[in-house]
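Take these sequences, add in the hints, and give me the full structure.
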Amino acid sequence: MNAVNTWNSTQHFWLIILGFIVAFIPRFFPLMLFTKRAIPEWFNEWMKFVPVSLFTALVVKDIFIDSASYALLLNKYSEMLAAVVVIIVAYRTRSMAISVIVGLIGVFILSMFMA
442 MNAVNTWNST
452 QHFWLIILGF
462 IVAFIPRFFP
472 LMLFTKRAIP
482 EWFNEWMKFV
492 PVSLFTALVV
502 KDIFIDSASY
512 ALLLNKYSEM
522 LAAVVVIIVA
532 YRTRSMAISV
542 IVGLIGVFIL
552 SMFMA
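Just so we're aligned, residue 442 is where the sequence shown starts under this note's numbering, counting upward by one.
Hints should not be assumed to be uniformly reliable.
With a cut-off of at most 25 Å between alpha-carbon atoms, the simulated SDA-like pairs for lysine to any residue come out as follows [as the list claims (entries may be wrong)]: (1) K502 with R533; (2) K502 with I539; (3) K502 with V530; (4) K489 with A524; (5) K517 with D507; (6) K517 with M555; (7) K489 with I550; (8) K517 with L551; (9) K502 with F549; (10) K502 with I462; (11) K477 with I462; (12) K502 with I550; (13) K489 with I542; (14) K517 with K477.
No lab work stands behind these hints, which were simulated from the structure alone.
Structural data, given as C-alpha cells:
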C-alpha cells in the first residue's frame, strides 16, 4: 500500500495548532485549578510515587515481557543486571535523571560484554 500525503501547508499548520491545543489544555487547567486552592498533604504524598511507578512499569515491561507474544522473558541478563544497578543508584541518589543515565550507560556497557 502506497500512502501519499496530499495535505497542503495550511492543513499542516492547523494540525500543528490543534496538536498544541490538545497538549496544552491538560496541563493548563490543573495549573489554574491548583494555584487558587490549597493542595491536601495526602495528595502531595501520593503524587511522590507516580514517577517511580511509571518508570518501574515501563522498565519491567521492557525487560521481562516479550511485546509480540506477551510471554515472560528471563534471558535479558544485561538489562536485568543494569536494572539492579539502577535500583541501587536510584535508592542512594533519589534522582530520576541520574538513574536513567546510569541505566542507559549500564545497558550499553553490559550488552557489549554479555552479548
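If you draw a straight line from the CA of K517 to the CA of M555, is it 25 Å or shorter?
The hint holds at about 10 Å.
Quiz item: Going straight from one Cα to the other, do K502 and I539 come out at no more than 25 Å?
Solution: 21 Å, holds
- Is the Cα-Cα distance between K477 and I462 25 Å or less? Given that 25 Å is the threshold and the Cα spacing comes to 23 Å, the pair holds.
| said: Run the distance test for K489 versus I550: straight-line Cα separation, threshold 25 Å. | reply: Between K489 and I550 the Cα gap is close to 31 Å, so the pair fails against 25 Å, i.e. violated.
Can you confirm whether the C-alpha distance between K517 and L551 stays at or below 25 Å? 11 Å, holds
Taken at face value, is the distance from the CA of V530 to the CA of K502 at most 25 Å? At roughly 20 Å apart (the allowed maximum being 25 Å), V530 and K502 satisfy the hint.
**Prompt:** CA of K517 to CA of K477, is that 25 Å or under?
**Reply:** The given pair, whose Cα atoms are some 48 Å apart, is violated under the 25 Å limit.
* Sort out whether I462 lies within 25 Å of K502, counting only the CA atoms. => 31 Å, violated
task: Compare the distance between the alpha carbons of K502 and R533 with 25 Å, and conclude whether the hinted pair is satisfied.
output: 24 Å, holds
Margin query: Please verify whether K502 and I550 have alpha carbons no more than 25 Å apart.
Written below: Holds, at about 21 Å.
request  = Could you grab the alpha-carbon distance between K489 and I542 and see if it respects the 25 Å cut-off?
outcome  = Within the cut-off at roughly 21 Å; holds.
Check the hint pairing K489 with A524 against an upper bound of 25 Å on the C-alpha distance.
Holds, because 21 Å separates the two Cα atoms, which is no more than 25 Å.
Checked against the numbered hints listed earlier, the structure breaks hints 7, 10, 14; every other hint is satisfied.
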